[in-house]
Amino acid sequence: MQKTLLLGDEAIAQGALDAGLSGIYAYPGTPSTEITEFIQNSRYARENNIHSTWSANEKTAMEAALGMSYAGKRTMVCMKHVGLNVAADPFINSAITGANGGIIVVSADDPSMHSSQNEQDSRALGKFALIPMLEPSNQQEAYDMVHYGFDFSEKYTVPVMLRITTRMAHSRSGVVRRPEVRKPNDLKMPADLRQFVLLPVIAKKRYRNLLAAQNDFTRESETSPFNRYFDGPDKSLGIIVCGIAYNYLLENYPDRKLSHPVLKIGQYPLPHQLVAKMAAECREILVLEDGYPVIEELLKGFLGMGIKVRGRLDGTLPRDGELNPNLVAVALGKEDTYGLPVPDLVVGRPPSLCSGCPHIDSYYGLNEALSSLPKGRVFSDIGCYTLGALKPYEAINSCVDMGASITMAKGAADAGMVPAVAVIGDSTFTHSGMTGLLDAVNDRSPITVLILDNGTTAMTGGQNSPANGRLEEICKGLGVEESHIRVLKPLKKYHEENVKILKEELAYEGVSVIIPRRECIVSIDKRMREKFRNK
Amino acid sequence: MKKDIILAGVGGQGIISIAAIIGYAALEEGMYLKQSEVHGMSQRGGDVMSNLRISHDEIASDLIPFGQADMIISIEPLESLRYLPYLSKEGWLVTNTQPFKNIPNYPDGDAVLAEIHKIPHHIALDADTAAKEAGSAKAANIVILGAASPFLGMAYEKFEAAIRFIFGKKGDQVIELNLAALKAGRDFAAKNM
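Protein sequence lines, in the order shown, are assigned to chains A and B. Sequence positions in the first sequence follow the working numbering and run 1 to 535. Sequence positions in the second sequence follow the working numbering and run 536 to 728.
Among the hints, a few may not be true.
No farther apart than 27 Å at their CA atoms in a straight line, the calculated lysine-lysine pairs in the DSSO-like style are these [stated by the list, open to error]:
id, chain 1, residue 1, chain 2, residue 2
1, A, K531, B, K667
2, B, K537, A, K257
3, A, K257, B, K538
4, B, K704, B, K718
5, A, K492, B, K636
6, A, K334, B, K624
7, B, K538, A, K3
8, B, K704, A, K526
9, B, K636, A, K391
10, B, K705, A, K526
No wet-lab data here; the hints were simulated from the structure.
Only chain A is shown next, with the shape it has when bound in the complex (with noise of 0.2 Å):
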């Protein structure tokens, strides 16, 4: 059987298509954004009109897809674990509704916060929500779930979670695909019309239902090909593993062989019968989990009585970070192993803003328009404008979720910080900056707003920017004065003009916004060297 190379994301996506998908919904995140690339760039995709443009932000993919799944087709929806956040109002309630066509809920978790603010584990949240998980161990369990998860989610009208960490997403393996590509569902209403329809007195009777439902769920788990009991001869210690962790663990046996009873984890809820098995026969039970302790807690229990479980919470692991071999060996008594050390002269080589990138020029010139009044003003968000927090910039001073800086700037200047100014990037503006600048506007409050408008969503890889060169447009549409929306060429020899424009805006006692705009300098390289192919 031909194995193709892919990569966690793109197995995902991969598998999505073969398995009969109409539309995937998704706004760029790292690690998720391969999984909607991968589809974009598919000509099976494109041919059979799947959908599979961005979304302006995850709750408005997130309620798409369950328009869709209402429409009685199969469809994806994925995000980075702090997207499921914004999501999480349609998410949780999407549980209540339930599906019609298939719905899988792809979230991409990031322990050791290689490219976020932090390292949630989306597991704790479908868990809250109250639905079946899936969690692969490597390319071939991702591709092969998704097919489990659209028929389950059919199966059960529920949505389905596919939980992956970094290392799953952006690890590249060989995949087998199936030998048959199922096709698209045909459009199907709901058997009850009212069964979106979330008035109390329907809810009630859908939360029971998806309550009554945990059995099915759990007696599922129990059976599941993702789920499997290994048995092992020492039963002074069980091993409960989940998705890649398994693979750490069985990178300490190269021969393959387990020393304990190993319990693999890819389906939630947890098997009850599995575990009980477990804790039966062997006197302690160590759990490796990548991300939070959550199984881990829910075996120790409040009391922490009955069997000796150990794992995160009593330090046979670290307490954060992702797990990795040497880790797992340690937490198994086996001698850990290490290279020579750091020579001490090696420094760090933060990220950092590329040569001739326009938020240089514009955090220069906000620096000096900012230089005679006290530091620690300016609210930020999240994309490579981030990086002006850092050396030589330091011209940032928050970072903390998607539109934050508007909402921040407006909640300090309320409170006298004035002027404050929120900087944010364009997409991050569309994504979640608009209400937050429409709440400023009805206050009146003395903010001023720099849109740094690169034209993309840069960080991520350069996608389309939603704002789609209207920003001006939209900013009047919330209310802001014209006279108070200033266009700016983010260049060195514009600078003392920049200066002076940002000055008269933060003398401004209301809402300003400023737009500094110049095309990111990998887009106009990417966009060069295209033109350069196709000549």
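Given the structure of chain A, go ahead and fit chain B onto it with the hints provided.
Just chain B, lined up with the frame of chain A:
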């Protein structure tokens, strides 16, 4: 045969291309492969590394354990040192000697090279110059791959074939200059092993 390889460099230097070429050659040999890549924030001029594992037997972990890598292949000298904790005692370090200085506190160049020369098994060459001589400054990564090729457990022709495949769409000229870059690296390694 099993090779665990750490690929190192700075975002944009082309470690993913090296991984793709070794990966293609390994698959043609019927080997298994796992490769963990770096995407996202760190690509903006920060340090990047990739774990590449090829083996005739099935591979478990996507990450190479510390102290067990057979090779570090680096396109930048300072970056080659960052991952020494991964290198096994018998492992080879193959690195470019030309620094990529995008940080204000880049250490003294000679001191960096002195640290590299302390590694028992190493190949250090100026891949930037060799690449220019081969026809393109951009091919420094392929020069380094050439210098690493004797230690990868596959015939040299396999890498040539992989380059022809990977760069196939870019035309004969690009293929030829990359083959020249590969050979320049290989020849250097042959003389300095």
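Hints versus structure:
no.	hint	in the structure
1	A:K531 <-> B:K667	holds, 25 Å
2	B:K537 <-> A:K257	holds, 19 Å
3	A:K257 <-> B:K538	holds, 22 Å
4	B:K704 <-> B:K718	holds, 21 Å
5	A:K492 <-> B:K636	holds, 23 Å
6	A:K334 <-> B:K624	holds, 19 Å
7	B:K538 <-> A:K3	holds, 20 Å
8	B:K704 <-> A:K526	holds, 17 Å
9	B:K636 <-> A:K391	holds, 16 Å
10	B:K705 <-> A:K526	holds, 16 Å
Comparing the model with each numbered hint stated earlier shows that all of them hold.
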